[in-house]
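Peer 1: With the hints as your guide, set chain X onto chain C.
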Amino acid sequence: MIIAIVIIAAVVLLWFVSTSNNFKRTRLKIEEAQSGIEVALTKRYDTLTKLLDVTKGYMKHEQETLTQVIRLRKGMSLEEMTQASSQMDQLSSQIQLTAESYPELRSSEMFSNLQHAISDAEEHLQAARRLYNANVTQFNTMREVFPSSLLGKNYPKYDLFEAEAHKKADVEMKF
Amino acid sequence: MDTTKVYTDGELLDQIEEQKKKLPMGWLMAGVGAALAVIGFFGFLRGSLFSFLLLILGAMAAAIGLARNKKVHDGIKKLLSDHLMPPVLREIFETARHDPFGRLSDSIVRGIDLDFPTFNEISGSDHIKGIYRGLEVEMSDLHLVHHERRRVYVNGKWRTRDTRTTVFKGQWMVCDFGKELAADLLLREKGLLDFSGSSVETESEAFNKRFCIRSRDGHSVFYILTPHMMEYILSMDDKGGGTTRMRFTREGKVHIAIHNNRDAMQVKSGDYNDLDRIREQFRRDIRYLTDLIDELRLVDTMYRK
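Residue numbers (the numbering used here), protein chains in the order written: chain C, 1 to 175; chain X, 1 to 305.
Honestly, the hints are just simulated from the structure, not real lab data. Glycine is no exception: its CB is placed at the ideal position from the N, C-alpha and C atoms.
No more than 20 Å apart at the CA atoms, straight line, and that leaves these computed lysine to aspartate or glutamate pairs for DMTMM-like: (1) C/29 with X/217; (2) X/169 with X/121; (3) X/20 with X/82; (4) X/169 with X/138; (5) C/43 with X/217; (6) C/29 with X/201; (7) C/29 with X/203; (8) C/24 with X/201; (9) C/24 with X/217.
Examples of chain C residues lying across from chain X (beta carbon under 7 Å, computed): (10) 36; (11) 127; (12) 130; (13) 131.
Chain C extracted, bound-state conformation:
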């Protein structure tokens, strides 16, 4: 009888330790993924800066927007990252529109290379977001499903990285 109690207690303890560690491990992965989003945003910011240098003379106002409005720092919240990303999206669109009006700019090799670099930076940002969301989903699922939900109440729920509002809206087609 005593041996059975000891075995049950050991199993419960093992489960407790294993589940706690899983929560902590996943939380670290989420923090790492969040850091990955910051890195991707910084890379995109840097590339946009270079692109604006190339478009000097065509887009003075946008350069001010970049340096004054878009602020990146370490440890940003999800909302701040979403806002920074959204502002960079708008800037990127404006650069594309400007380039369409100036063929000499569009045909410049440096401009073309930087456009590719921005595409690459955006792909990295997408990957970072998806990785973050995958880890958050795993964490939140552990919080909800039994038996890990018994310990899950001790940990706060994480929010997913949502798409910006303008990306959720229907695409307007102009012909």
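Peer 2: Frame of chain C; chain X shown alone:
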């Protein structure tokens, strides 16, 4: 056979027919030889020395007959390779060479980990090497075998037992993108009772269910496996008729191996006369793999020259 001349379809069919005329004699030799060998074997069991001689001669005749026919089939394969394959390759590749009896080198096959069980014999055919859309591509049929030789004690004697197990049989392609990729990533299709876990789970349930994903860098997995790419790999796997393995290496190569237990570009002897069908089969087998390169190139930022 004039090896420098390019034959028209009519001339090629004539050449094939000339080769095929040698087959009946080969089958006859093999059949008669086998029959004599069997008769000789049973006679030898009864202690007849003459029967032993019959057994040896019969086995030799059968072997020669089979070897003759193999030579004929190889000759036809060479004819098809020399005259049908080049136009097909020109349609698809910028430049390409086809060796019907060559294969990917041992260093390529042994140098990459596609998570196969141990193998110690490699054979293959239909080696193609060329440039596709500016990228170096190499592919062939491959047959990987695990050959085990054991000594077993049976009926009071030690005997040697040979076991050959096929580890992989199908098409293998290597594409060199000439640029370092984001990370090493292995995709291995799971078998029926395969419960191996992935190091990373994507948002696609269907993809996670079908493939085991292994990589040390989760970011790189999501960078390479976009939703579009995952959908493409799933549909390519459905069409392939086998199990798929892919490895993206940091050095800038992609290995794709389709284990479907068949040799691509292998023509059955009954189909030798239908040249259009053979051309279409060659085209389809090559395109199956090059279409993946097209799909990867859609991820333009990752695979730029």
